[in-house]
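2 protein chains.
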Amino acid sequence: MKIGFIQFAPILGDVQATIRKIDGLIDQSKITDILVLPELCNSGYNFNSFEEAWETSEEIENSIFINYLKSKCKQLNLYIVSGFNERDNKALYNSAILIGPKGYIGKYRKLHLFMNEKDYFKPGNIGLPVFDIGLCKIGMLVCFDWIFPEVWRILALKGAEIICHPSNLILPGLAQKAVPIHALINRVYIVTANRIGSEGDLSFTGLSTIATPMGNILFQASQIKEETVIKDIDITMARDKIITKRNDLFSDRRPEEYLLLIEKDVKG
Amino acid sequence: MKIGFIQFAPILGDVQATIRKIDGLIDQSKITDILVLPELCNSGYNFNSFEEAWETSEEIENSIFINYLKSKCKQLNLYIVSGFNERDNKALYNSAILIGPKGYIGKYRKLHLFMNEKDYFKPGNIGLPVFDIGLCKIGMLVCFDWIFPEVWRILALKGAEIICHPSNLILPGLAQKAVPIHALINRVYIVTANRIGSEGDLSFTGLSTIATPMGNILFQASQIKEETVIKDIDITMARDKIITKRNDLFSDRRPEEYLLLIEKDVKG
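Protein chains in written order, with the working numbering: chain C, 34 to 301; chain U, 34 to 301.
Bound-form chain C, shown alone (with noise of 0.2 Å):
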């Protein structure tokens, strides 16, 4: 199968030329499954206020973005993960969405918020979904979430095959050097699409990542430039946690000597 990302730069509060960036970007000629844009794709990031987030956020049920998506995912034939500034309710979460060919089949919000991130959004409430979509098991984070290994661990262990991690990176290649070594002690693929540009102060890193179960980078891109990738891969390779004829990824875990993980005040 196939797996790729659109490397871009959505444009801030005007979610229509947005799409028509997309548009041009989406390479028609070349056929994938999947395809992973950045972090909050409808919106844009960088917001001065509140309102600003509210004023470019969208509903899932009622959203030009996934509506978009939809013809696109249907027409094509694939399934698209994007960052999405959701709205419900009164409420923001910085969301991931995955859509299929057949329409919207569910969301992931971000559970580690970044930054100035905390005065417009709402802390993840649905935790770590896992979908099945025949291909394979998808399972999404978004930009921030990276330093955590937790959330890698338990969306490999709930079964995620590919992990598909919208972002807007600004720390310098962090996450771009992490993600290879969260893929390979999980032996997950993981697509991290990245932006490019800048918005106000903040500049966005680029090096969208494709890596694979064996913590090699099957592609990065570059710092700057507009790149839609595709690349073939082998999802078998993400089903194997045999590491030797005697151990295993998982069944050698030692999962009740873990239980600090949990505990909400660690430095009691």
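Take these hints with a grain of salt, some might be off.
Remember, identical chains collapse to one label, so a pair may be satisfied in a single copy or spanning two.
Here are the simulated DSS-like cross-link-like pairs (lysine-lysine), alpha carbons at most 27 Å apart as the crow flies [stated by the list, open to error]: (1) K191 to K297; (2) K264 to K210; (3) K63 to K297; (4) K274 to K155; (5) K63 to K107; (6) K210 to K278; (7) K151 to K274; (8) K123 to K103; (9) K274 to K210.
Bear in mind the hints are in silico, worked out from the structure with no lab data behind them.
Add chain U to chain C, keeping to what the hints say.
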């Protein structure tokens, strides 16, 4: 402060020869605070039988190897972490021990056993202790533990600032690639002291590594040479878990979302 390792090949079944080797490799002219030695340093690794593992094991209270390390730590005013084939009553453990200028301090017993180790050793049963030696707080892991992100995280959450990682790595360079990322995502120093050479059908991969809390490789040894390496570090880097003025590596965690990590049967 200064930390380092000795990369060398312990002699299977000949603790006196191993001691002579270490004695020749400890650089007495270069002062260090902490020195890390490879896994199962008192015995060698690739046993042919439980009897061989048993005969080369020692009790902590009655060990030629530990007595040597104690005298060396006293003489040179340093701390040593070493892999140790530990006999306790009728059981063997693949342990790491911590010795200081005033003698024996404590131990860790490898939680995740690799390959035939399962025939010789009992899995660790004393958790993941952290030792405050005044200069800094030390945690220990052994070799194959490297692939389990849970244990690095737990040691960091317990306050470890330096994780000493005696190893006899055979997988080609994977742990050495992962160690800097474990250091980065837990903001700790890591010293992986790997061995070189071969025993029977096993070849060990060297590349002993000192990694910084920013995920950089401060030093990586060769694959095949004996090397004694001492490096200056800034331990305050491992004490600061602040990522941005609004993000902290530990207080941003969402432990209530991590429950799956401690479930015994994740494939339910």
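Here is what the structure says about each hint:
1. K191 to K297: Classified as both: same-chain Cα gap 22 Å, cross-chain 13 Å, threshold 27 Å.
2. K264 to K210: both (19 Å within a copy, 23 Å between copies)
3. K63 to K297: neither (47 Å within a copy, 43 Å between copies)
4. K274 to K155: The answer is between: 23 Å across copies meets 27 Å, while 35 Å in one copy does not.
5. K63 to K107: within (15 Å within a copy, 67 Å between copies)
6. K210 to K278: between (30 Å within a copy, 23 Å between copies)
7. K151 to K274: between (36 Å within a copy, 18 Å between copies)
8. K123 to K103: within (25 Å within a copy, 64 Å between copies)
9. K274 to K210: both (22 Å within a copy, 19 Å between copies)
The structure shown violates just one earlier hint, number 3.
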